[in-house]
Amino acid sequence: MSNLGNPCRATDGVPITRRDLIAAVVSGAATLFAPVALRAEDESFKFGLTPVFLSNDLELLGHLRSYLSAKIGGHIELVTRRTYQEITALLVSGQIQSAWICGYPYVQFKADLDLVATPVWHGQPLYQSYLIASAGRKVDDWTGLEGDVHAFSDPDSNSGFLVTRALLAENRQLPGRFFARNFFTYGHRNVIRAVASGLAQSGSVDGYVYEVMRETEADLVKQTRIVRKSEWLGFPPIASPKSVSNDRRVKALQQALISMQDDDDGRKVLALLRLDGFVATDPSLFDAIAAKVETVRQFG
Amino acid sequence: MKLLRRFRSIPVSYRVPVLVALLMVVISAAISERVLDRLSRTQESFINGLAETYLDGLSSAVVPAVLRADVWEVFDALDRSSASYKSLAPIETVVTGSDGRVLAASDPNRIATYSELSADYLNRYGPDVVTIDKSKLTGFAHRDLVYQGQPIGTIHATFDVSHLFAERREILVTLLVTNGVLAALFALGGFVLVRQMIGPMRVLEDHMRSAAHGAAEPIPPREIPAGDSEVAGLFRGYNALVHAERERANLAMQLAEEEKLSSLGRLASGMAHEINNPLGGLFNALDTLKTHGETPGVRDTSISLIERGLAGIRDVVEAALATYRPERSQRPMTAADLDDVSLLLQPELRRKRQRLDWSVAWNGARELPIRGGPVRQAVLNLLLNASAVTPEDGTVSLKAMSWEDRLHIEIADQGCGMPADIAGILIDQDPGPAVRAGRGLGLWMVRRVVDDLGGRASIAAKRGGGTAVTLTIPFDREDAKAHAA
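Heads up: the protein sequence lines correspond to chains A and B, in order. For the record, in the first sequence the residue sitting at position 298 is 298 according to our numbering, with numbers rising by one throughout. For the record, in the second sequence the residue sitting at position 300 is 1300 according to our numbering, with numbers rising by one throughout.
Rather than coming from a laboratory, the hints here were simulated on the basis of the structure. Honestly, I wouldn't trust all of these hints.
With beta-carbon atoms standing in for the labels, derived distance ranges [said to hold, decoys possible]:
no.: 1; chain 1: A; residue 1: 173; chain 2: B; residue 2: 1087; range: 32 to 40 Å
no.: 2; chain 1: B; residue 1: 1160; chain 2: A; residue 2: 181; range: 44 to 52 Å
no.: 3; chain 1: A; residue 1: 181; chain 2: B; residue 2: 1134; range: 33 to 41 Å
Which residues of chain A face chain B? A partial, calculated answer using Cβ under 10 Å [said to hold, decoys possible]:
no.: 4; residue: 121
no.: 5; residue: 142
no.: 6; residue: 149
no.: 7; residue: 185
no.: 8; residue: 187
no.: 9; residue: 191
no.: 10; residue: 193
no.: 11; residue: 197
no.: 12; residue: 198
no.: 13; residue: 199
no.: 14; residue: 232
no.: 15; residue: 281
From a predicted model like this one, the values you see are computed outputs, not experimental measurements. Glycine residues also receive a C-beta, built at the ideal position from the N, C-alpha and C atoms.
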């Protein structure tokens, strides 16, 4: 089982600063790389992946590459990085043509990114964030988690950080005060491991990952229980920088993703990801996440 | 000492196997001690090496995370390392930060993150890298994490060392079983070997024991082992001894017979002489009677001469009969027995012109409760010997005295003393060696008589030269009572 979720390593949890920095990089890069954009078709198509895969990474990568290669044409390069933030930076700077990112970075860099497609899970392009605790723990609602050692997934994760932080902000709380201690595990699976092992008493985790792990690692998940499920939020989307919006291959990618369930290789990829398919969605799908960003920003 | 004596009383066929087994036990104990000591050192060095490797690997994995106080990374490193170091069998590993608080433990439920380790917990770790608590079968290792010369935290590892002790126990049991089996096998082998070795000795022992009871039999050739030259040599030596002893006994009997005949001859010649002496006078008296028989004075004198001569002959013949006829030997002893001996000795004394000092102090009884025949025989032999060693014109003496319940008879000569080996026949506890030398057979007969009558003999040198032999012969008990009554 590979690492699940967003393994962003940066700990400078100040979104504004990072966004500004990356925006500056993007604008610089756009200027610098403008002359070579004409040659983009000659280069391989680079598709960034945050490791949200559930099992058999190499098998999934193989099927995905062959599927995309057949549908888009030319050489497809799958770019993986250890951190979500690295992929976001590569994407926003135009070094890769498309990437599967989280809703939180998407709303942060919305101005620079186009939505390509959004995964459909249980018939909707939506998912939830869970607050979990150890299975034997008696706790009625999220307020019972006060004073815990809490495990977050990633400072750039919507479900693994932002949702919980926004929940606390709505209740005039800060993670550092509400929880006795908190730390980042840089992966949704790690959050489940941390809570199951007792390293943390509670954690914030991606509901999609949690539900799929119920099937794939039932023994681990059994050691935890869900304390709170958030509202339904936009599923982590596939996005591409606006700078490559004219690239034929981006359109081809969108078509390939949307029609994935019509193809054998595509169905294999979807089966491995436990997804129903992909749809083209309106950016407004992520307004709820943007609202949470705003809530957090206002509370400070 | 008592135990040693008791041990020595155990037959050798059991003693040797027991000694072999004991020796094996001692050797195996020494070997086991060495092996276990060596094993213990090897294990310690092994476990130290493993712990060092574990701590080295873990240190490099956790130092960056400890620097950032990254709880998850530290936990993840611990979690992964527990699977990678199965040979060390880690039970629990705890990483603390520079403030001493727990960053992560391999089992966070037991030791919570951000908690402080108790003093008891910390005291389990000794000054060395690895400390082993034998009672809990647990090893403790710790390593300070240092980055750029600054201490940033510590790793505390607890691991299971029960397999080491189990291995030691297993080896100890293996040693004990192996050595026990070996000791038993050696003991059994020793038993069989010793039985086999002392088997011929038992044969020899049986033969010697039966020889001691008078029936010395040679070992049959089929019982002489062909392959064992030492035992065969011993057996053949024993057989040669038995044969030599038999020959010597035959020779002794033959010599005794010859001695008997010889003394008989001497006595016979003495008797013939004794009879011959008066015979001349008797014939003269007969001639005188034939010629002058009519003369009353001559006739009476001649008849008286003839009568005394015949009486002398009769006395000599009677004495000889009394001495040499066995049916008379059972009679109680009387003074006449000694008189007969004196009479039988006379011809020998006269021949050597020797004098006889004769002193018999009888206690007035007519007869003594002692068998007369054997005493006469013994006294006669001693007197003949005394006469033989006394020079011509010398004196031979006999003193007989009855005292309370015994009879003392001292026979003395004027010889040059009795050689020790000859004297031994009379006075030694075991007259065998002197007799087997084939000498002093007359004395041997005396010894047999004295032994037979329950008496004893003593020999003393006389003041003026010569030897006195004293026989002390107790009265027969039954007869003594009757005699006293």
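Tested hints:
1. A:173 <-> B:1087: 32 to 40 Å: Violated, at about 48 Å.
2. B:1160 <-> A:181: 44 to 52 Å: violated, 31 Å
3. A:181 <-> B:1134: 33 to 41 Å: holds, 38 Å
4. 121: violated, 26 Å
5. 142: With Cβ-Cβ at 21 Å, over 10 Å, it is violated.
6. 149: holds, 6 Å
7. 185: holds, 4 Å
8. 187: holds, 9 Å
9. 191: With a minimum Cβ separation of about 9 Å from chain B (threshold 10 Å), the hint on residue 191 (chain A) holds.
10. 193: holds, 8 Å
11. 197: holds, 6 Å
12. 198: It holds, given that the least Cβ distance between residue 198 (chain A) and chain B is near 4 Å, below 10 Å.
13. 199: holds, 4 Å
14. 232: violated, 28 Å
15. 281: Violated. Min distance 33 Å.
Of the hints listed earlier, those the structure fails to meet are numbers 1, 2, 4, 5, 14 and 15, in rising order.
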